[in-house]
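Asker: Residue strings, one per chain:
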Amino acid sequence: MKYLIMIYSNPMSRQAWEGLSDAQRMELGLGHRALTEALAESGELVVSEGLADPSLGKRVTVRDGRTMTTDGPFAEVKEHLAGFYLVECETMERAIEYAAQAPDAAYGGVEVRPVLDLRELDL
Amino acid sequence: MTPSTEIESLLRELAPQVVGILVRRHGRFDTCEDAVQEALLAAAVQWPTDGVPRNPKAWLITAASRRRIEQWRSDSARRRREETAASLAPPDPEPATSVDDTLTLLMLCCHPSLTPVSQVALTLRAVAGLSTAEIARAFLVPETTMAQRISRAKQRIKASGAEFRMPPEDERSERMVSVLQVLYLIFNEGYTASSGSALHRVELTAEAIRLTRQLRAMLPEDGEVAGLLALMLLTDARRPARTGPDGALIPLADQDRRLWDAQAIAEGVDLITTTLAIAPIGPYQLQAAIAAVHDEAADAEDTDWRQILGLYELLHSTAPGPMVTLNRIVAVAMVHGPETGLTELTAAETDPSLREHHRVHAVRAHLLDLAGDREAACAHYALAARRTLSIPEQRYLESRAAQRGT
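Those sequence lines, one after another, are chains A and B. Letter by letter, the first sequence follows residues 54 to 176 of the working numbering. Letter by letter, the second sequence follows residues 76 to 481 of the working numbering.
Treat the hints with care, since some could be wrong.
[Said to hold, decoys possible] These stretches of chain A come out as covered by chain B in the derived footprint (C-beta under 8 Å, 3 or more residues):
#1 82 to 95
#2 164 to 170
[As the list claims (entries may be wrong)] Short derived list, chain A residues pointing at chain B, Cβ under 8 Å:
#3 Leu98
#4 Glu141
#5 Glu143
No wet-lab data here; the hints were simulated from the structure. The beta-carbon is built from N, C-alpha and C at its ideal position, and this holds for glycine as well.
Isolated chain A (complex conformation) (with noise of 0.2 Å):
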């Protein structure tokens, strides 16, 4: 069963990240190292990646098949993804355990996801 680990930032935890001196930067940065590195090492990852910042982002939209991008997502959200690891677990408890790993688990908000698949039950 694939898994989401989506790891977000908001205000706290770039407050929490502004305090950090660059000892502790460096550490958060190994931590995520470690954690792909597990994760590879068990066989139970399928990619992980950081996002660049969201000022970077487009918005997207097509109307009348006419494609137009706009700057974004806005000031106003408060919360925007930051990185993800796409995991494949034999459980949730599993996810957890390496969410809980990443080192943004103790500033920000990282959440756990089911990813659907193709699987069918028989009815």
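Given chain A, work out where chain B should sit, using these hints.
Answerer: Only chain B this time, still in chain A's reference frame:
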């Protein structure tokens, strides 16, 4: 069959035999399995152009042995000396039959130190002879992830000290439970809609049936092996009718039964009928018997729900589980009416394993629907749709909710 698929079948059939021979001769399952995998890849490239060698098995054994020696040479000088001595030693005096080797290998791949996911991956590679890339595609994960999973599984087997031989008598029946579970998992994994993203998946359902047939040839007396094979045949027979042209899921009651595979049904019914008469009963046989009752009904109205209910009662007492509880309640509703079913569902829901189960909502919606309470059915279909993890099921439940909502 085109020549290349013929070669593929031949390679898959020989794979476990060659692994068995190598491990028997040299020990070290992990390195031997790697070597055989490389030999299989080499054969898959060479044989279609150069032709199949006269003795394909001997070719694979020679190629795999060579790979294995190359691997060892790159290891260390001490090991090289050992290797030279070993390669000069005469081969095993009595070569074991390939049948035994394949079964031993299957038992080893389903070792209790491994998680079910790892057991499945290792079985597909070592016993079914699939490449890591094919297994990764089948499970929609990157090849590196699957490679790591397989190599971890082999390390674990090595660390557990397990050897390449049949488990002792007292562990065998427990190990057989894992073997059958792994084969059933492979079958279920393959039993998915043929939608876009699944286009390049290897035919896991066919692989599972092939492996179970092999197992049945080795253990013809085992009622549960026969039961599992019958269950697979009877379930897979409905596949052509299970999805509509738009890929949407069609429930059993609404399927066009003329599309069912009559030959597979005949084989499955025959197999389960013979087995039930002679073997001690088990959960796979019961599930196969239920599938057979469904498959034998000319249309949904003809279904012998009394017989199905009786079989679910037996299954409920021998191998209880949330899905068995829910399916039994559906059968109760079909025999005694939806109100009786709903009363039993409310009682069953107090069980912790069912309280959070998303299928409780789906079953309740279905029973409310049968009872004619459209509004409540709509609400529960919508609730069930939000809680499922399966895309086809979600689409089906949403469409039901929409139909009842109007």
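Asker: Each hint should be assessed against the structure and marked as holding or not.
Answerer: Okay, the hints, checked on the actual structure:
Only residues whose beta carbon comes within less than 8 Å of a beta carbon in chain B count, and the region 82 to 95 of chain A has 3; three or more means the coverage holds. Here the region 164 to 170 of chain A counts 4 residues with a CB under 8 Å from a CB of chain B, which clears the bar of 3, and the coverage holds. The criterion of a C-beta within 8 Å of any C-beta in chain B is met by A/Leu98, whose closest approach is roughly 6 Å, and the hint holds. The criterion of a C-beta within 8 Å of any C-beta in chain B is met by A/Glu141, whose closest approach is roughly 6 Å, and the hint holds.
Checking A/Glu143 against chain B: minimum C-beta separation of about 6 Å stays under 8 Å; hint holds.
Figure legend: structure checked against the earlier numbered hints; every hint is met.
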